[in-house]
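Asker: In the order they appear, the protein sequences are chains E and Z.
Taking numbering that gives the first Met the number 0 as reference, the numbering of the first sequence is continuous, increasing by one, and the terminal residue is 753.
Taking numbering that gives the first Met the number 0 as reference, the numbering of the second sequence is continuous, increasing by one, and the terminal residue is 753.
In case anyone wonders, no lab produced these hints; they're calculated from the structure.
Among these hints, one or two may not hold up.
[What the hints assert, rightly or not] Simulated pairs of lysine to aspartate or glutamate, EDC-like, Cα-Cα distance not exceeding 16 Å:
no., chain 1, residue 1, chain 2, residue 2
1, Z, K601, E, E706
2, E, K376, E, D355
3, Z, K329, Z, D253
4, E, K716, Z, D700
5, E, K34, E, E64
6, Z, K283, E, D458
7, Z, K203, Z, D253
8, Z, K250, Z, E64
9, E, K138, E, E532
10, E, K637, Z, D454
11, E, K648, Z, E64
12, Z, K637, E, E65
13, Z, K648, E, D458
14, Z, K369, E, E532
15, E, K648, Z, D22
16, E, K138, E, E706
17, E, K637, Z, E64
18, E, K369, E, D355
19, Z, K70, Z, D22
The chain contents come next:
Protein chains: 2
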Amino acid sequence: MVTTAYSLGILQYIPFFYVIWSDDLLSASEISVVKKTIEQDASLNPEEKQQLMLWLNRENPPKDEEIKSWKQTISHSQIKLIENDTYPLTSFSQRLGNAHCAGCEFNDHLKHIEINLGIQPNHYNHLFDVEVIHERTSKQYDAEVLDNLLKGSHGALVDSFRKFIDQPIFEWDIDRDKEVFRNRVLEQVFLLGEKGYGAMAYPKDFGGIENMPAYAAIFEHLMYVDGSLAVKFGVQFGLFGGSIQKLGTAKHHDQYLKNAGRSKLLGCFAMTETGHGSNVRGIKTTATYDASSDRIIINTPGQNDNKEYIGNALHSKIATVFAQLIVNGKNEGVHAILVPLRNEKHEVLEGITIEDNGYKLGLNGVDNGKIWFNQVKVPRENLLDKYGEIRKDGSYFSAIKNPNKRFFTMLGTLVGGRICVARGALGGAKMALTIAVKYALGRRQFNDSIKMQEDLIMDYPTHQLRLTPLVASAYVYHFALEELMKQYSDNSKSDKRMIETQVAGLKSVITWFASDTIQECREACGGKGYLLENRLADLRADVDIFTTFEGDNTVLLQLAAKGILSDFKAEFNSAGFSSVLKLLQSQLSDKLTAINPLYSNKVDAEHLYNPKFHQHAFNYRTRRLTYTLAMRIRSYIKKGVPAYQAFLKVQTHLLALGKAYSVELAYKEYLKVYDGIEDTEYKDLMKKLGSLYALYQIRLDAQWYLEQGYIGSSKSKAIRQRVERLSSELRPHIEVLVEGFGIPDHCVTAPIAQ
Amino acid sequence: MVTTAYSLGILQYIPFFYVIWSDDLLSASEISVVKKTIEQDASLNPEEKQQLMLWLNRENPPKDEEIKSWKQTISHSQIKLIENDTYPLTSFSQRLGNAHCAGCEFNDHLKHIEINLGIQPNHYNHLFDVEVIHERTSKQYDAEVLDNLLKGSHGALVDSFRKFIDQPIFEWDIDRDKEVFRNRVLEQVFLLGEKGYGAMAYPKDFGGIENMPAYAAIFEHLMYVDGSLAVKFGVQFGLFGGSIQKLGTAKHHDQYLKNAGRSKLLGCFAMTETGHGSNVRGIKTTATYDASSDRIIINTPGQNDNKEYIGNALHSKIATVFAQLIVNGKNEGVHAILVPLRNEKHEVLEGITIEDNGYKLGLNGVDNGKIWFNQVKVPRENLLDKYGEIRKDGSYFSAIKNPNKRFFTMLGTLVGGRICVARGALGGAKMALTIAVKYALGRRQFNDSIKMQEDLIMDYPTHQLRLTPLVASAYVYHFALEELMKQYSDNSKSDKRMIETQVAGLKSVITWFASDTIQECREACGGKGYLLENRLADLRADVDIFTTFEGDNTVLLQLAAKGILSDFKAEFNSAGFSSVLKLLQSQLSDKLTAINPLYSNKVDAEHLYNPKFHQHAFNYRTRRLTYTLAMRIRSYIKKGVPAYQAFLKVQTHLLALGKAYSVELAYKEYLKVYDGIEDTEYKDLMKKLGSLYALYQIRLDAQWYLEQGYIGSSKSKAIRQRVERLSSELRPHIEVLVEGFGIPDHCVTAPIAQ
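Chain E extracted, bound-state conformation (with noise of 0.2 Å):
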């Protein structure tokens, strides 16, 4: 029996106040929940409800005496607060009840607060100075619901590919000697080309399925087993088939398609050069048609030209090439021309030189190498010809007349690839988080002096700060990919251009997000994390090139940004330029009037949660960045400034642009996924993930909001609020979100994820 000057109906409200009161977090709307539940209470006679009213007013908060009064009384009961109660704290303050007064009825209506508040115990666990039965993780929500959720249609495939992976050859492993390892992913390779999952983006003639969405849920998985093996296996089948596929024409296809899907011949895709990288346009490797022979000479002008850091250049026996086509004498671009590297015997080819591009940071179990040509003549049929030809008379065809759009329009077929290596860059990501999360829930260090057991790191505010927010972004980029991935499949839809453009900016930013995810994670372990064989410092080194390669970040983003420019003059249909500014404007001067002193200090949580402001603002922010962007260039040709350094002087704020069009992009994708979701509960859990994801990303550009007038001071710091208290309400399905990935068990070897 407790002593107390509380009443039984009083009693019961203690322990949410002192909930309520202790953190000063819960804001007006949210007292409005607590006063309903307070007035339809029966059990409650009119002095207590004047009581528990008064102690609800924000205007004068009740006393830090009375406050210490309820934690006294809570202290005082003894009563333990147990977390996996389905309503802890209704439970808590039951028995809390029950201790003053046995047997007397209880207040069910209790409930309605801890629902309709969503406090979790994890709010308020730190304020029970009892010991608390901490838990592991709810059992609320269900791995494998989330799980079929992001395998989307291709469950059945996926299922039977993770079995697939589960043998002794797929298995993780240190290798340090680069040619022992490149062996192993050469086995590895033959053997998923035998069992036909390199050719699963091909057409069913040529052993495929034609299903590139599934094909690049395989590569994610990939990289589950190894970095080094989805890049390999994305060398061969991707981008060596893929370009025969893609560039190549029927000839080619039933000549090579086969093989290259099966691995039985392997290739390589030799595009960048020693001195070319991302300007493609300017690579010096020539092929030149001589009528007299028939023949296409390949030639690596000078020292500097080579092609450099090929994957596969050192098991390959062909490639693709890709050279300044000159036919009588005129240079056509940029186009691919298959030329064969070596002998059955694995023996160079005349002409040819091949070299070891050496050891790197990560993936050494890719053989990247440099190649050189000297004169190679190759016959006139291994062009590929898809988009330009060399006609049997000797003079160049192409059904594209302009040669800046046959060469983009060549350079679209790799646009696949890119979200391959997005996807496989988050499938890196997804695995770092499941290891750091897991580590966390087992790893403990300091304590209360008061408790025998020290804290398990992930119950640290900083620790769910640093990790939530990043397994939210994981959940919102997945289902972005997976939309983009069948848009671009889609054959319905054959001007490629705005996915070109998508894809440019999704790959930079969820490559970056996967690097400084992974490093995260890295560091969220300490020590543990730098071994290797916790997989974390691997993955860190593997997926940091995935920055740079298959086009590299910067200049992407500035390719994505200067397609929304495009896209604007194409939307708007006018011929020039200035009209298009008119039309923006007069278009942004209608957003930009919305956005009052009330809208931009809004800070409940409604408002806050919901996913229309959140798109309000990622598209206030791009259309804004577009337009000022717009102005400034416009700006310099005025006074003439030639365009190419007037787009030079604005370089950063198109990376801005480029960063904000992803964002939002990516958000909006993940909406149609969600729109979707039918069961309520699996609902709110993604409301969460995304409303965590959205004012993350609108916290990172918070002064650049804020220095527009969009947001407030007040609404700025209740984000921040918000994004903390997200990463804490997420704390109890953090375990089942990142099990959610689907990452098999038998992937998952790291022993600090036992």
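Guided by the hints, dock chain Z onto chain E, whose structure is given.
Answerer: Same frame as chain E, now just chain Z:
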């Protein structure tokens, strides 16, 4: 002879006006410089003056057509801009005038504009569509002068050390096998010890010169040779030797210190356990004094309580073991005991188990291992007993009665090591910046179609913005660490608590800076940066763990923040927490009233480049964060929330304060050095570096400053522009700046840096 509508007097001003108005960048105060020049220009007639003045009206700027006509005048002249002229724009103007009127008198006044506005060719060279004669670097500054500035008082020693490491044994190389790598590093450590470099911080009697600052400079240089070498060197001489020096007494010094310094006795520093890294006080290894045998028994109680990640574990003969010292059944807290590990034949002694920690992301030349002790007996004398001893009669004695204070006094001896860790990481960052800048000064990519040559990537604004603030930061952090080391080594100051707080903060901020910087450099070098031969990948992997070891950054920042809170307590010499708060509050409100709208929207260059503004901003942030932190904690405590829980709730606030404090500190220490520079030209350069650092930092926290109303929108934007502009202004000096780091050429072996 150029045909132009402009008179000679006006013509000579045209290039300046074109540059000024194309960018709209100059502020009112800068325009006044131009006005003054015109006023004092006797060569102009009144009409010319009037015309020029009209073109300087910011309210009514020249029309675009006018600017275009200037541009055409310049273009038609066909005159080339020569960047390495002393005053390129003035010289350009002169030649423009000469073309118009050969032999006419030249207007020398224009130099004033060029000097006073500090406009650099890279501000405007993109505006000229004539071919610009680019220069790799300006000759205005001398790298040697900068190097001498950085070397400070230990120039001679550093110079001789640079020569010493120029020998084959110190040549950087790739060793993938850890055994081979470790043996190489071991040989290097032997040689360094033999030559007396290990003992530098020890007293003269033990082979040293008692010079910790010089030791730190040597340590940084070892990073240029190899990260593993620096770390193993630090473990042997700093941690192991240092523990004997600082925790031991005369008997230990006599017996061990000389041999430790000479590498004749290899030892390790066994503090961290698998179960306890950050929370050293919670380590489980016991050291129980057994009076009957007069020995101390070292024991590992549980499987997870082994020492972990102990550097030098596989090569050592002995270890300084940290354990809970139990004397007469009482736990006296953590103490250090010397425990022999191996005999002369290098066989592990009885009761001891040592395992290799295996491969890591980096530092594979360091032999990290795990150590278990099973009831290992050592003589009572092996207790390093400077701060706590076991007397002959078997009783425990310490002059420091408070166990808490005793523990922190012992740990305080590690502070010098933390400065070295920051210094080493900084060395890695300098090395990476040197490589990335040299690459960017040789690498060309993309161009304007009208030019033959592609542009240097260092001439891209985004590239300047990604590297230049980092170069500036490296200078600031270098001087901050030098100053801090001086203060730490000053034996006249016995109370090191303040320095501990400072070092905890700077170690965190600088190691994160280094890790991020090397990553940025890796990405800035694209795929080339990923190759091990170019060192960046290796530096990245090695420096990564600097954010974790010798105190995890997240934990250290909280330590720093708590130190700041206590400092305030001490500062006001007040008994209670609440009176501290009252004082804080009154002091702050004084400061806060200073932020009036005029100040928060002051955007002129003079103000933005003024160190007083930067210091005020940094100080405002620290004070404000301290105050709000104290208020939040007080509020929790008043409501009955236990202190431990209250601190948990404000954890992210603690981190923010720790960082803010460190940035303020670094800048303050930097300004001390800056103030002492006499040469005005170098002082000007250093001012630019300092301003860039400060504005870059304010920019990083702009959302906070905006939330607080400390800066307004226009000021925030102006700061962003100034960061971009300074980055571009320093472009001509970027090579000298990285060469000023003084990294010996023989260490910069990266092929891409040649």
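Asker: Each of the hints needs a verdict: does it hold here or not?
Answerer: Hint by hint, here is what the structure shows:
no.: 1; hint: Z/K601 x E/E706; result: 15 Å, holds
no.: 2; hint: E/K376 x E/D355; result: 23 Å, violated
no.: 3; hint: Z/K329 x Z/D253; result: 30 Å, violated
no.: 4; hint: E/K716 x Z/D700; result: 13 Å, holds
no.: 5; hint: E/K34 x E/E64; result: 22 Å, violated
no.: 6; hint: Z/K283 x E/D458; result: 23 Å, violated
no.: 7; hint: Z/K203 x Z/D253; result: 12 Å, holds
no.: 8; hint: Z/K250 x Z/E64; result: 87 Å, violated
no.: 9; hint: E/K138 x E/E532; result: 30 Å, violated
no.: 10; hint: E/K637 x Z/D454; result: 24 Å, violated
no.: 11; hint: E/K648 x Z/E64; result: 20 Å, violated
no.: 12; hint: Z/K637 x E/E65; result: 10 Å, holds
no.: 13; hint: Z/K648 x E/D458; result: 11 Å, holds
no.: 14; hint: Z/K369 x E/E532; result: 15 Å, holds
no.: 15; hint: E/K648 x Z/D22; result: 9 Å, holds
no.: 16; hint: E/K138 x E/E706; result: 43 Å, violated
no.: 17; hint: E/K637 x Z/E64; result: 8 Å, holds
no.: 18; hint: E/K369 x E/D355; result: 6 Å, holds
no.: 19; hint: Z/K70 x Z/D22; result: 13 Å, holds
The earlier numbered hints that this structure contradicts are 2, 3, 5, 6, 8, 9, 10, 11, 16.
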